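> Sequence:
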Amino acid sequence: MNTHFLYLFGHLRLLEEQHALVSLNKTGIGLIGSPTHNTWYTEAILHSQHHCQLNSVCSLDSPIPSAAYFICQKRKIEHLIDNDAVDTIIVTSLCSEELLKFIIQSAINSGKNILLNNVPNYGTNELVNLLKLAKYNDVNICQNSLLRFSHQYDEMKSILSNKSTRDSGLLRLSAHRQIDKMDCLSKETLRSLIAEKVSLLLNLLPEFKFDSLSIQYSRPFSHIEKGDVLMINLKDSNGFLASLELFFNTGNVSDKLSLKQCHHDLQFENFLMSNNQFSIINENSLIIKQLDHFILNPHKTNKIVINSQLIDINKITESILNQLELNQFI
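No gaps in the numbering here: position 304 of the sequence shown is 288 in this note's numbering, and each next residue is one more.
Hints were generated in silico from the structure; no laboratory data involved. In this text the structure is predicted, and so the values were computed from the model without any measurement. Please note that a few of the clues may not be correct.
To be verified - Cut-off 30 Å, straight-line C-alpha distance, at most; resulting in silico cross-link-like pairs (BS3-like, lysine-lysine):
#1 244 <-> 147
#2 141 <-> 193
#3 10 <-> 147
#4 58 <-> 171
#5 240 <-> 141
#6 141 <-> 273
#7 219 <-> 244
#8 171 <-> 60
#9 116 <-> 299
#10 147 <-> 219
#11 10 <-> 119
#12 299 <-> 10
#13 210 <-> 171
#14 85 <-> 171
Let's have the full structure, built from the sequences with the hints guiding it.
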């Protein structure tokens, strides 16, 4: 009887120690972004409390063209990054290029991992120096799209990896976003959205190079209205067409991928907001899968890490923006 009691007591102590270890190893997360996007990630973290916890939130104010605005936002960001309870930072939404680079640099200096939903606009030398410092401080900088955590995405990538089936077809990369044309940073938001789609394109087709670029749009960006659309068509030498389709102010926040070929017809969409109502987040939501992948894969080799492909993303994005200017969209 005493032996059995001691065994049970020892087993309970072991479980207690294991529970304490799990609790100690929980990743402390800090969120930086708009109140709406921070809310989505707060919900996601609640579903992943067994390995992470929310320790700080920095809600960025709506941008205004003022130096005082940037000083105020940087102080709020510094306060979050300096929090010892935060060891991982998630930038939840689009923000200005200046603030995004400030967040990344501050996180690296503090030795804290960072997950981006934006594509930072770095030049070659700037990126090389950044990555050297990140490696020295053992910091992971990851940037990815929620769509990449769908099994349909993996299926699509597998199909497109077969060069014999890629001679023709249409790949559509669509997005619904809310953009205020009066926002002083609306053009930076547009650039970041285009870069996000180019990043997704190059992850599906790493060797994609377009021979022709054409633009279609409802009306110029400065006069944009609800339901307006911008279509950016990129065609390669084999006739394969990648179409970036951006829908503005429809009440939805979503991303969609579709592939149409002779023998394939795939499509899937991820909603974060539908008709101004938050979508319900559950264990099958892509935002949960993105979060879990980032937290549970601590080694750089298992992560979607910022690398030299970022230069190609930004080069294509700049080509598109130049064409948008020529076509008088911006």
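> Taking each numbered hint in turn, which are not upheld by the structure, reported in ascending numerical order?
3, 12
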